Amino acid sequence: MIWQQLQSLAGSYPLALRGLGMTVMLSLISLVLGTLLGFGLGILRTGGNQLISGLIGAWVDLIRGTPFLVQIFLIFFILPEFGIELDAFTAGIIALTNLAACFICEIVVAGIRSVPTGQVEAALASGLSRWQRMRQVVLPQAMRIVLPPLVGQYVLLIKDSSVVSAIGLTDLTRVGWLVVQRVPNGLLVFFLVGVGYFIVCYPLIMLARRLEQRMGAAHGEVQL
Amino acid sequence: MTTTGLAKTGMIDFRGVNKWFGSLNVLKDITLSVEPREVVVVCGPSGSGKSTLIRCVNGLEAIKNGDLVVDGQRLGDPATNMTQLRTEIGFVFQSFNLYPHKTALENVTLAPIHVRKIPRAEAEKAGRELLAKVGLADKVNAYPAQLSGGQQQRVAIARCLGMRPKIMLFDEPTSALDPEMISEVLDVMVAVAEEGMTMMVVTHEMGFARKVAQRVVFMDAGAIVESGTPDEFFSHPKTDRSRAFLSKILRH
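Protein sequences, first through last, are from chains L and V.
Residue numbering for the first sequence is 6 to 229, as defined by this note's numbering.
Residue numbering for the second sequence is 3 to 254, as defined by this note's numbering.
Keep in mind the hints are simulated off the structure, nothing from the lab.
With the Cβ distance kept under 7 Å, some of the chain V side facing chain L (calculated, not the full set):
| no. | residue |
| --- | --- |
| 1 | ASN60 |
| 2 | PHE93 |
| 3 | ASN99 |
| 4 | HIS116 |
If you're wondering where the values come from, they're calculated on a predicted model, not measured in any experiment.
The beta carbon of each residue, even a glycine, is placed where N, CA and C say it ideally should be.
Let's have the full structure, built from the sequences with the hints guiding it.
Encoded structure:
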């Protein structure tokens, strides 16, 4: 019985690989875009313009305070009502990027605020421009604080990407749903799905741990 | 703000400057002129506004009213480019504020390379010379965390000198130091003063004041109470408040 199921599962190998590929692709693209956007938003949020800072803060709170599934449905099913038709992959990327950017924005803000005022004053006093202060003095020191939770956020992002199966993308989770219809052993199938996610996430978890150790020991220098 | 009355100006010119923190009048009608190459020591009890006074000079604090003209440029005037003006003013902090992620040399060369646009090789050569001048030729590649307080403060002074400023401001540069490290920092400051730098120094180091200051300004409760040569001020203080202050710092 179990032997038959395993044989049948082995037949689903190409499908599983495709699902894993989709999960990695979705995560990687939105991780890169979300990081860039998140840093941009974080820097703007601490930039001193009350209006911009307030708008970003409100958006971040809104995204952090609503379920990701609802956000994906809004983008995929509600936007077409306003004439914005997106394919599932684009919708998934947009939703994941936005989610990642909002969480990363908060991490970056916390990092920037952790840099002592005296550092900014010293940079200010030597005539560095706003961007030079950020790039040369504040961000490298903020990275110390930011890196470990940032990598942690990547792990969460990869797992959150499973939600995009709800709009029909054949990612690892959806492959699980498809396979389980043929192989009626949910425990086994979703155990394997879990293993798939773990294989992707574990290196990142290890990286986060190593970074935390290294950051503690270093003088605070991080090469951007 | 008026635009007249700029005929005679010192390097740093306070005219009727006021500043408030909320309802607290931290600078009261300050009028003070610092001539080029002059060294002025500012002292007074804590909370008297002396740090705020020099922080106004490079715009770390904004003044409420009155005129403050530095190197011919009026602060708060839209025509004044503060970033540009700040490159002419070195500021030495009580807590050093070295960049912890950069080596001593990188601390010194950062602003010359990025603000003055001096080629890296040239900036590093100048930086090494400056670090040698403050007695830290062997600490060029050390990070701030690997330096003592006195060494850090000397790097901070070299960092200011790297910009070839016209003015240097010192905010209690030796207050955070262990006693045995104070003199190494003061020696560097004396050397800078003797080269003709315009300086405003918030300090209670009377030896330093006597040695290089042309003037001592005594502040209390946000106002300048007394001003005179170091000899006049330390030997013959004119007001009760300055006598009370001196008796306190002399007791130790």
